[in-house]
Amino acid sequence: MAQLPSSDSTAHIDALKSHNCRSIVLCSGKGGVGKTTLTANLGIALAKLGHKTCVVDADYGLRNLDLLLGLESRIVFTAQEVISGSCRLGQALVKHKHEMNLMLMPAGNPRMLDWFNPEHMRNLVTMLAESFDFILIDAPAGVEDGFKNAVAGANEAILVVNPEISSVRDADRVAGLLSSQGTFDLIQLVVNRVRPRMVEKLDMLSIDDVLDILAVPLLGVVQEDEQVIISSNLGEPLALGKQNSPAGVAYGNIARRIQGEDVPIPDINAQPAGFMDRLGDFLSTKII
Amino acid sequence: MSIMELLKRLTGNRNTSANSACSRLRMVLAHDRSDLSPAILDQMRLEIMEVVSKYLELDHTGSELSLETEDRSTALVASLPIRRVRKVAR
Ligand SMILES: Nc1ncnc2c1ncn2[C@@H]1O[C@H](COP(=O)(O)OP(=O)(O)OP(=O)(O)O)[C@@H](O)[C@H]1O
Ligand SMILES: [Mg+2]
Chain A
0 MAQLPSSDST AHIDALKSHN CRSIVLCSGK GGVGKTTLTA NLGIALAKLG
50 HKTCVVDADY GLRNLDLLLG LESRIVFTAQ EVISGSCRLG QALVKHKHEM
100 NLMLMPAGNP RMLDWFNPEH MRNLVTMLAE SFDFILIDAP AGVEDGFKNA
150 VAGANEAILV VNPEISSVRD ADRVAGLLSS QGTFDLIQLV VNRVRPRMVE
200 KLDMLSIDDV LDILAVPLLG VVQEDEQVII SSNLGEPLAL GKQNSPAGVA
250 YGNIARRIQG EDVPIPDINA QPAGFMDRLG DFLSTKII
Chain B
0 MSIMELLKRL TGNRNTSANS ACSRLRMVLA HDRSDLSPAI LDQMRLEIME
50 VVSKYLELDH TGSELSLETE DRSTALVASL PIRRVRKVAR
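Line by line, the protein sequences give chains A and B. For the first sequence, position 163 matches number 162 in numbering that gives the first Met the number 0, and the numbering has no gaps at all. For the second sequence, position 46 matches number 45 in numbering that gives the first Met the number 0, and the numbering has no gaps at all.
Treat each hint with caution, since some may be false.
Stated by the list, open to error - Selected chain A positions facing chain B (Cβ under 8 Å, derived; list incomplete): (1) D171; (2) L176; (3) L201; (4) D202; (5) L204.
Note that these hints are calculated values from the structure, not bench results. Positions of the beta carbon are idealized from the N, C-alpha and C atoms, including for glycine.
Start from the sequences and build out the full structure, keeping to the hints where you can.
Below, the structure written as structure tokens:
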């Protein structure tokens with residue numbers, strides 16, 4: 000199995016520890032499973048809980064985090080200028096419009112792909128650790144250089160997976176790479192885009208199936224929710240709580256679990272109402 | 000597991016697409032995790048059979064070597080149907 004290069008320097012880990020900062024990379028292997036959406040929403044949700052949070056766009060090829068947060072027009076400098084020393088850290092950080100505790104570290108132009116390396120990421124994280132409680136790193140799809148750069152700056156990982164065969168396979172590969180690196184204190188799973196009706200008909204892998212196969216501890220479940228797309232259109236993540244939506248609630252719960260609260264993970268297949276629903280409810284009663 | 004899922008499983012409704020996704024995933028992950036190619040696996044099967052054939056007469060057509068996985072650990076499982084036990088000269 001291909002190994003990630005072992006972390007050459009651990010200065011960033013020391014910086015994280017001494018400033019009590021947690022640096023979490025969101026990765027998946029497969030593209031389009033919801034990493035960037037989750038990063039934006041967890042950034043908002045953690046900020047709302049009072050944590051100083053920085054979301055780092057590490058997808059230098061296809062940056063999108065700025066758009067999802069509605070901050071695309073406020074970017075002046077980026078990680079590129081910070082690393083090359085042509086601006087100070089604070090000049091590149093973009094403050095969120097509504098959540099004062101949230102800042103974005105924007106990605107530079109795609110040419111960063113040619114020169115940015117894991118050491119640069121570790122340096123960036125070392126600088127950020129001083130001022131933040133949480134650093135969330137939005138990794139690109141794949142397991143190549145961009146991914147390696149993104150994971151180099153983190154000591155925790157959230158593996159994002161869809162209950163779908165190719166996503167689970169790729170997540171397993173990523174889980175293997177992360178644990179072989181040996182620098183992660185915690186690797187947890189978020190299952191995204193779950194469709195309860197399909198799971199009920201046994202036409203979609205259930206949460207239990209996914210957990211069984213991957214054997215990574217579960218941090219949260221987010222169901223398929225069209226509000227996610229609407230909120231992306233607006234650049235206003237659901238976690239802001241402007242509209243009541245299942246995914247928005249799920250993001251909030253995940254953030255609370257991250258800060259150590261014991262929030263139970265609800266059984267996604269239980270919503271009672273009429274007789275048929277109650278029957279369905281009975282049939283979906285958890286027995287194991 | 001829910002009652003519905005249990006009923007479906009009990010009533011022999013095992014051909015759901017989720018079930019086949021599960022079993023296909025288990026297969027492919029066992030290989031991914033071990034990083035063994037099918038060619039190497041077959042080579043291994045032949046060599047194992049060669050050793051075992053010194054002691055037992057095997058049914059060559061029915062032998063199988065496969066990887067099975069549970070949690071994050073993987074096991075090599077050999078199924079070598081026996082025709083008859085050879086008398087081994089000591
Ligand atoms: N829970 C959800 N319900 C419905 N749609 C979702 C959900 N989560 C994500 N999406 C949609 O899925 C698409 C991909 O999401 P996103 O860009 O966050 O994925 P990604 O993993 O960052 O992709 P990439 O690998 O390209 O970076 C987007 O259109 C997003 O709106
Ligand atoms: Mg993305």
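Results of checking the hints against the structure:
1. Interface restraint check: A/D171 against chain B, minimum CB-CB distance 5 Å, threshold 8 Å, status holds.
2. A cut of 8 Å between beta carbons decides the hint on A/L176: the least distance to chain B is about 11 Å, and the hint is violated.
3. With a least beta-carbon distance of about 4 Å to chain B, the hint placing A/L201 at the interface is held under the 8 Å criterion.
4. Hint status for A/D202: holds, given a least beta-carbon distance of 5 Å to chain B, under 8 Å.
5. Because the closest C-beta pair between A/L204 and chain B is about 5 Å apart, less than 8 Å, the hint holds.
When held up to the earlier numbered hints, the structure conflicts with hint 2 and nothing else.
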